[in-house]
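Produce the complete structure using the sequences and hints provided.
Residue numbers (full-length UniProt numbering), protein chains in the order written: chain X, 1 to 379; chain H, 1 to 1294.
Since the hints were derived computationally from the structure, they do not count as laboratory data.
For glycine and all other residues, C-beta sits at the position ideal for the given N, C-alpha and C.
It cannot be assumed that every hint is accurate.
Residues from chain X shown here face chain H by an in silico Cβ test under 8 Å; the list is partial [unchecked claim]:
1. W109
2. T111
3. M129
4. S162
5. G302
6. A314
7. P352
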Amino acid sequence: MSWKLPVDIATTAVKSRLSRLNPTNYELCEKAIDLMNLQNDYGDGRDLTIIDAYPSMGIWSSALNRKLNPSKHILLEPGRSYHKFLESKSGIPAGSEAIKLVRDDPFRWGTFTELVSQGLYQPTAQNDMSKINPNILFTANFTHPQGEQLCAQYLNCMWNHSWLFQYGRVRMLLWVRESTAAKMLARPGERARSRFAVQCDAVSRIKPRVISNNTSLKTSIANLNLSTIERFTTGEDAGQCLSVEDNLIVHSEKKKISTSTVTASSSKTGSPVLLQIDPTGINVPHLDCFEFVIRQLFIFRGKPLRDSLLVLGAGAGDWFPSRLPADLLDKPPKDMEVSHFMTITEVFAKWPFKPEILHDFYDEQEAGMTAAPYSVNIN
Amino acid sequence: MLRISCNSPAVRRAVSKYAFFGNLKNPIILEVTKRWYSSTGSAGSIGTARAVKAVESHTTWSTPHDNVPTSLFNKSSMHFWSIFDACLVAGQFERAQNLLKGFHGTVSIDEFLKASNLFFQKFEESSKHDLESIRRKFLTLPQEFPDLKLNPLSYAILLKATAQKSEFKNEAIRKFVSDIEDKVAINDVLYNIDILGIACVKDVIKACNLDPSALRTEYQEILNIETEIDAKVIESEFKEQETPETMKLGEELQTESLKKGDIASLESVDTFGMKTLRHTLIGLVAQQNPIVFDKFIQGKKLDKEGADAIFISDKHNDDDYVDFFQISKNLSSEQRAEFDQVLETFNSERQNSIESRALYSARQKWKNDFEKMKAATGKIKVDGINHLLWEWHEQMTPLIVEELKKVQAMSDANVTTKKSMVYDPELETRAQAGDRFDYGPYLTLLTPEKLSVITILELLKLNSSNGASEGVMRTAKAVLAVGKAVEMEYRSDQILKDEKRVFNGVKLTKNSPELRKMMTNAKFTFRENELTKQSASWPTEMKAKIGSVLISMLLHVAKVPVKGIDPETQEEVQGTSPAIYHTYQYLAGSRIGVLKFHKIIAKKLSSENMTGSIQPHHLPMLIKPKPWTSWNNGGYYMSKSYVMRTKESPEQQAYLKEASKRGAMNEVFEGLNVLGNTSWTINKDIFKVVMQLWNTGKPFLDIPGISDDVELPTEPARNVDPAIRRDWLRECRAIVNRNQADHSQRCDTNYKLEIARAFLGERLYFPHNMDFRGRAYPLSPHLNHLGSDLSRGLLMFWNGREVGARGFRWLKIQLANVFGFDKASFNDREKFADNHIKDIYDSAEKPLDGQKWWMTADDPWQALAVCMELSKAYSMDDPTKFVSRLPIHQDGTCNGLQHYAALGGDIEGANQVNLIPSDKPQDIYSEVANIVRARINNDFENGNETAALIKDHISRKVVKQTVMTNVYGVTFIGARAQIAKQIKDLPHIGPENIFIVASYLTINVFAAVRSLFHAAHLIQDWLGECAKMISKAVRIDITNRVAKNGNRPDFMSSVIWTTPLGLPIVQPYRDFLKKQISTNLQTVYITDPYALEPVKSRKQVSAFPPNYIHSLDATHMLMSAIECGKKNLSFAAVHDSYWTHAADVDDMNSILRDAFIRLHEVDLVTKLKTEFDRRYEGFLHFVTIDKNSEPAKRIIEHRKLHSKQLGKSVSVADEIEEERRRRSMLNSSKPSERKLGDSMVTSVSIIEEYDNIEQFYLKKKIQKSVFVPLKFPEVPPKGEFDVHLLRDSPYFFS
DNA sequence: AGATTGTCTACCGACAATATCAATAGTTACTCC
DNA sequence: GAGGTAACTATTGATATAAGTAATAGACAATCC
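Structural data, given as structure tokens:
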């Protein structure tokens, strides 16, 4: 009951308003899956459920399906124009219970709770926390404009052990824009080092598995840092990642395909990158504080901590300097490791005058307007 | 073939005929003196190129036809004037001279002379320079700039120096006069009294034995007073408007006097005004009412004048202050007239004092409280925050002094470039030092004390402004507000200084009120002098820098005592925390800098006594506002006020200034003056009730209670479903939001009440100015009659009028109106009051302990006020003899639609909005609801399921907002949101259906409104269409700047029109050019107002119809105001709600009807079209036509050809250039060239060959962008409605 | 140059994102002819 | 002493930031081949 390649996508124009970058190179997909050695973690797929968000035409999905042979493969695809590729008539074996197309938008949290409540699958919490959750694999195409937001939110869930991560260390395989990947992968000291990357580092191991090696476009911060590419191509992590021309990731013959679906790299956001994100299952202590600390500190990402302490709250200048090592105080946040932030968080948590509300409730839209002098007098 | 150049004299005459219509003066501002196309110079590319360059060097407005000068709005010149002025006043003459050098050559010689004279003047005034060095300067400067020719003003400055600084004055003067004889006439020199000062002029007259009658006439009067007085010099009591010593720069002085405490200065000073007033009152009152008199004699706090009297006294008991209102009220009418006049004189000095000394009094108040607190040791609880403010102020001042020393050092070192700034790299960065070079001169313009007080006051005020959450405000806003406040204060100082220059040494010798009045008037005249009155406003970025320097100092020192737990010992410790700190917040991924008040401070600000924290130019006035005489002259006396709120749009300012200069706005000024001359007082009875409620700290009516700590719902566990957490977060946000809204409302109310308290028993006035459409607003923001129900309830007219029978009826109708019972006939409304007599008594007598019927009203406070009046009236034997002070409102019913109906002559529409007489008011909202209901029932019968859901829930309320906003051009989406909000709580419509139902309902409401106001919509559409054309049109007399977008030109023309009263209106909607400016605290992102960017076409279009209508309703209001002023009615207005005494309502009603008729007797729309035709004549309109149409094909061909000629692809600029060449040939004087022009082909000439090019217009798909000559659509046909009918329509305004 | 993608959606009173880094423009200092 | 260049700084421009979005329709501006 394997899933064949969809109908000849090269001849089918797909009209879509969701501007995703869809990997269309089936062979590449298979290669990537082999590289990740997924079979190792999921065995014969008998106990595996794949939750597949935004599969589009299902090229990547079919490769995954073929390779892992999951007992359930749930496709969450709200884009109507894609449905014709994902319905039984197109390559998917008719009557297959294993492959289920759900037309809800994975953007809504409700979509996932409904999967459970409607009995599409019954997740159980994982026992052996030393491994990746063998029963659930989450994959998604987050190359559309809201994709990065979803990445960030799911990562947040990882911190909170909510959403799928309440079941344990659920792996995520995400196709994201290169600009997103660059943010997530940046290491201390790199230009793109961001709050986002620290968050990733804190709770997961994250690796790019397919990247584009089109170095001619690698000037912007939106693209993967050259050193990152090197790291995964020729450097320390060589061989862990496929580095190909971007037209090999999407489809080489884009002329025949409607541009909106299969656009290759745009200079702004880059070509699609496949990320493998393995949660470490760690519980970050003082989560509220940690979130606050990194959010605030990254405002002055380039200034030595010593000079930007005030963003942590009024009077921070009196509390921290004596309680933190001098070399840490001299580091700017962009050069810090997760452990550094942890140290700062520790001290912050003990601070008696730390700001009371750590969440950012600032919201302009609805503020004011109540004291309107000549308010609308409704009667 | 259509020819554009219909610029014939005949047309011009036809146009100018419209300059007057009806009996209304209507100067259209534009005056075309030249043919526009020849204004760019000769034809041919070379000439054009040169012209283009000249044009680009300064701003151009929307159109060349209006002859509105641009030169003053040149950015670099603005910057020059502001920094030049600052340097001079700061005494940095080296740098100023350096600036002057740079200025030379970049401007006209006149402008340069002005600058040089300013230089001379300040140089002369500086104590640093002796006569010799001044003389030298007068020699060397003209040497350095040979084209600089001194004028009489220059000599006046030198003369003044000579007179003042010579040892043998008379001889020196005589010598000087004879020396300059051949260069300039001495009378011309003496003409500059504003420079010389009265004393000096007299010296000269005496020394040279001149004939004073040859001098400037308006000065004769004041000179005469003096001459008279000089004979018998006695001691003058006139108090110098001296800056109090403690406000002077210099730390020795400051610490010294601060330490010893100024209590003494607060003690009573029996001033002249006081004496007069007392005298008068003794005279008046002795025979009349001994009780009032006694009270007055014992009046404890009146002995301090002006600002001190207003602010320092806590008017908590009746005995704490003198109740002028009570006094006046109890006098007989002749006595009252006399008293009122004396009060005016008395108050004029107090007003002066308020405006010039308010900062000082605020500071005194803080200090008093501080010392009171210190005296009461042991008592930990201290009310208010004033003692804290005092501490901040005390600590901040030395920091400013420190900073000023650095600036002084810079000046001493004669640093003239930023590069040469010296700084200590240990302490600050190069950038900081560089910033000091920029802001330094400005900072020295005020004393450190003032700067510190301003900073504190501004921040406090900002906290109550909208959008500030609990103690949170945006840094950018704060920084600019402080900068602006500093500038304002500087201007006030300058005004004082100018006044002092003129009156220096002049002593009043006789204490007659008349004399003093003359003196006061003279001072108003001379307050502005030729040199300083045009001073350019400070650049925004400078304001930001100044503000940030000051705020960062305050952040540094402002502390608040807190209790905390020591982390080590776990003991409770007393400590201090920063009172304000700077941080950042995120808004949708964008970082926003904010300043946060410490919680303790924030709470105090929302609840406690704020006396002493209000800026003077935020207060009502004690005397009649200075009448408006020009765009920047009127309103407050000491602080500069502007007649229009111009949104920093230079084009608006330019038009306004020009109109003001041409005297086109005198009627507008007159109307505003009427509004300003209406005298008010605080309704003490209401105030007492409010205070009783307020002091509980509990919520009442619309006022939220003092918020305790925000209670947020408990945070759900982290690992719950994200949706739950999201909901929680949302809820928190909502709570925080509500809280912050409550907070600012409470702060705002606090301000209002403090002002009301301060003005208890006073007579007060609201100076008014306008928004850019001409609608009038009081200048004082907190407490005014435009404000909330509470504000309105607190105010009443100072003068009383016996109501009479009709007035009594109007008083009752007013009650029904404020209860929302305003849809009924007058008789029914009157009955409403009669039926509630019991309630009225109960409410009036026991507002808080009775049935509280008044609280059920729509406008409870105003209702209570009416109840109180009515109960007094009812309890009189003859209620018609009751003297009422309550403003009675007459509101236009859907005023916007009234104007539309009148414009369109739409009978049906006119009927709906009460333009046509009827025995019962029409209620348009109900009518719309009815139509909608009918439509929906019909659908329901045809089986529409959505209709079934909503059919029984269509109320007036559901449709009201949409009908109202329809006039403002609400879109379908917006209207649907409104309706969704209205129906979202209907239980039987599930949340999932709200959207569908709302959409369905909206469609029907729109349809109903359209059907009811068909004609109105035709006009609305026509206005929109015109606006669209204008904002999509290009001028061809100048080269358009290179568009960002290659295939679309930048559209630079905004919609401009003139109201029937002659007010030019310029829509300000353009892209802004925003820049990041680095300041001490953070960078701020601010707009550069002097960059004229392309218009926001969309906004221009959507805002024009409502703006036009509003400009008409503003006109109507001003016309009515003028008439009411002539008839001596007390008149106030809230846009389309006109107020007067009950007794005068009938008069006002007839006046406002007449005004409306006069306004609409003329075909305003046609007139507008004529104005547009004229103003935008010759423009090209950018449209898209069908690509496959014949003209499109021909144009494509032509472009190919053109492209070949150019050797590159044709840009829009090229195309415009080509057309310009053709037109200049067509208008050439040489027949040969004209012939050439006739035969020339451009893409526009191709278009012109088609009579009806509109047929090819296309919005979709296969389109081609082309230029067509701008041609406004014909106005929609006017209907049969005769506007005169409304004279007899009782409910037109009701 | 034309299709596609993105934004915005009621007037006025009452506008407001900021830190950082790369690239460019502008200066000064210094060398060499 | 002129000219040129290296070295440096100031200015300008581009970009990331956070992290529920929410549905609908239609015009218009911006962007990307």
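Consistency of the hints with the structure:
{"no.": "1", "hint": "W109", "verdict": "holds, 4 Å"}
{"no.": "2", "hint": "T111", "verdict": "violated, 10 Å"}
{"no.": "3", "hint": "M129", "verdict": "violated, 15 Å"}
{"no.": "4", "hint": "S162", "verdict": "holds, 5 Å"}
{"no.": "5", "hint": "G302", "verdict": "violated, 14 Å"}
{"no.": "6", "hint": "A314", "verdict": "holds, 4 Å"}
{"no.": "7", "hint": "P352", "verdict": "holds, 5 Å"}
Violated hints for the displayed structure, listed by number in ascending order: 2, 3, 5.
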